[in-house]
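Protein chains: 2
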Amino acid sequence: MAAVHKQKFSFEVIRVCPHTGARAGILRTPHAVIETPVFMPVGTQASVKTMSQQELEAYDARIILGNTYHLYLRPGHDLIREAGGLHRFMGWNGSILTDSGGYQVFSLNDLRKITPEGVVFRSHIDGSRHLFTPESVIEIEHAIGADLIMAFDECIPYPVSHEYAARSCLMTGEWAERCLGEHEKTTDGAQVLFGICQGSVFPDLRVLSTESLVAMDFWGYAIGGLAVGEPKRQMFEMIEITTPILPESKPRYLMGVGYPDDMVEAVSRGVDMFDCVLPTRNARNGSVFTRNGKVILNKAYQAKEFTPIDPECGCPACRNYSRAYIRHLFQTGEILAPRLATLHSIYFYLETMREMRSAIIENRFPHWRDEFLRRYRNEEPNP
Amino acid sequence: MAAVHKQKFSFEVIRVCPHTGARAGILRTPHAVIETPVFMPVGTQASVKTMSQQELEAYDARIILGNTYHLYLRPGHDLIREAGGLHRFMGWNGSILTDSGGYQVFSLNDLRKITPEGVVFRSHIDGSRHLFTPESVIEIEHAIGADLIMAFDECIPYPVSHEYAARSCLMTGEWAERCLGEHEKTTDGAQVLFGICQGSVFPDLRVLSTESLVAMDFWGYAIGGLAVGEPKRQMFEMIEITTPILPESKPRYLMGVGYPDDMVEAVSRGVDMFDCVLPTRNARNGSVFTRNGKVILNKAYQAKEFTPIDPECGCPACRNYSRAYIRHLFQTGEILAPRLATLHSIYFYLETMREMRSAIIENRFPHWRDEFLRRYRNEEPNP
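So the protein sequences, as listed, match chains R and V. Once you know that position 301 of the first sequence is 301 in our numbering, the rest is easy, because the numbers rise by one and skip nothing. Once you know that position 145 of the second sequence is 145 in our numbering, the rest is easy, because the numbers rise by one and skip nothing.
Worth double-checking, as some hints may not be accurate.
What the hints assert, rightly or not - Straight-line C-alpha distance at most 16 Å; calculated EDC-like pairs for lysine to aspartate or glutamate:
{"id": "1", "chain 1": "R", "residue 1": "K250", "chain 2": "R", "residue 2": "E35"}
{"id": "2", "chain 1": "R", "residue 1": "K304", "chain 2": "V", "residue 2": "E82"}
{"id": "3", "chain 1": "V", "residue 1": "K304", "chain 2": "R", "residue 2": "D78"}
{"id": "4", "chain 1": "V", "residue 1": "K304", "chain 2": "R", "residue 2": "E82"}
{"id": "5", "chain 1": "V", "residue 1": "K250", "chain 2": "V", "residue 2": "E211"}
{"id": "6", "chain 1": "R", "residue 1": "K304", "chain 2": "V", "residue 2": "E211"}
If you are wondering where the hints come from, they were derived from the structure by calculation, not from laboratory data.
Okay, chain R solo, but in the shape it has when bound (with noise of 0.2 Å):
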């Protein structure tokens, strides 16, 4: 049974640019045809806010997010389980990645307590008291059965002192060393798992934690513990130094980056996987990214724009709506608003990826890198 549900999973480098780290790949699973770089659109709590499950299947989305201490929480496990999996739960037949809820629960701060064995946390909901170990999550992410899961790692947070990393990376180690040992003693073989890299801003532990993670011989590989406030130059400083000890062969997944041109830093540097709130979260606050920049709707000028966000946009807000409308939407507290700007944000990640990874396989990639940074950041002025 394992064996057969293992053959669905692959992952192939199908090229690499002659001058940069940039690679164009091809990540099989039960569920979808991943093509590499990615970005998948994050369905925290089983929805990615605001879109349908049909808007993500038109937009060719095959990969989505769910985090799993959210999920742990509402609706549960079991519940999920009972359902038949996460898939059929939220009726999503594409590829799902849970993370291990690590990030969540590490971020509770005051509501938590790490111990070797684990971390006892209060829910955010309503206080109760629960315990995450690395075999619990592993238990709860075989439940959820998604295709990609992650590891239970500590997501350090910044500033942090080197010795607090340092013990920090070990425990991380010894964790994840039990996240496999559980996988692959419970697994369906419906799953694949990932490892997670840590290290902070630390040259020195980014490459003990990375050369540990991958002597234990994970189906992939997480660069976590980025983008969490460290200056942008460090955080591009950490994936050079994590991603040529990484195997060519496996695919490489930078959690919760980012912004439009930092995907693009990333894959330049040899990253072929990304998740981000920031095309949803923003979206609900009236700020969307366009290949011109970012955009902010929910403003007094743009009440006569009667333009769409970005006129060459293909997406369904910017063939059929405009933004004196959108932020006519915005001021009324519409939810079609956050449901146009979202539309809109995430189509373009989705796009960028698209024309990224075409450039990739076309040899083009460092000009096609190039035009879009330019572009990009030369950011639409606000009056």
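Guided by the hints, dock chain V onto chain R, whose structure is given.
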């Protein structure tokens, strides 16, 4: 010019039920051919709450409502005129009907003062002072540019004295005449005007109001001031008094109604058009309408109901999602929750109208009505 446009408007009764007052008709406007009986989804602020115009088109909705009071305040009728009218502003290619703002203005209670000239009121948004007169309302409705526009009336609250209602009816009659005069003086022919019959629950006043409006020869007629708190028995009695006085050749619109069974009863008494916020508003609160009655989605007893809202329903919510999932979305405050609930209820309303129309055309309306009411009123028991 006016004449050219006006030819685009027509109403034709194509079948009358031989046993009831039910009629099937065709209402032509420059933007759509509307088959009656029809339910018009309410887009108060230029958006049918939670839905996109593309979703309404996919439902083959031919006409929606806009609210003059709300659109006058935000974004303002001058801005809508500058955008090229409401159709262009909101990207809606079907027909639109605007109410006159009477209902909203008279709902403001402490914020408004009625004089024979018109109504002085304060905005519910910022307290600013405004005057609506029959003439100014027509000017605003012309600027908004809906296909069907309504005369400015006083929507009498319930209960009210016969004396108050009588005075109000006289005033509404005078205002109707002024609206008609202003409309005929300034129309470019792209719109037709409906008069609104009032009279509270007093048969003599309903007769008086209706007869006086019929004498003025409006293009269509609305029955207003019902579903404002009076017993249903009285509501139907007022409809029964009104429809026989109205010209057979003109469309009849029962404003603000209503529940699915009430619409069926009203069609049975000769009404052609309906609007109501119930399917959208209740959906946002987790309550939807089905052929088996009301279903509450955001309750614990739905947590493991892995079946659709209505397995027989063809709407996108029922084809793709379970009650358990939608309940989870409500519990976690996801925007997809009100979206799916609204998608279901609006589909049900539109489908019910289409079924009813077929039954009228195929001479089986009384049987269809009895079956519908029997099934609908046997409401699903809440455990």
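Hints, one by one, checked against the model:
For the hint pairing K250(R) with E35(R), the CA-to-CA distance comes to about 14 Å; that is within 16 Å, so the pair holds. Taken as a hint, the K304(R) and E82(V) pair is honoured in the structure, with Cα atoms around 8 Å apart against an allowance of 16 Å. A C-alpha spacing of about 11 Å is found between K304(V) and D78(R), which places the hinted pair at or below 16 Å, so the restraint holds. Restraint check: the Cα-Cα separation between K304(V) and E82(R) comes to about 8 Å, which is no more than 16 Å; the hinted pair holds.
Of the supplied pair hints, the one linking K250(V) and E211(V) holds, its CA atoms being roughly 14 Å apart against a limit of 16 Å. Simply put, K304(R) and E211(V) have alpha-carbon atoms about 44 Å apart, too far for the 16 Å limit, and the pair is violated.
Hint compliance for this structure: hint 6 alone is broken.
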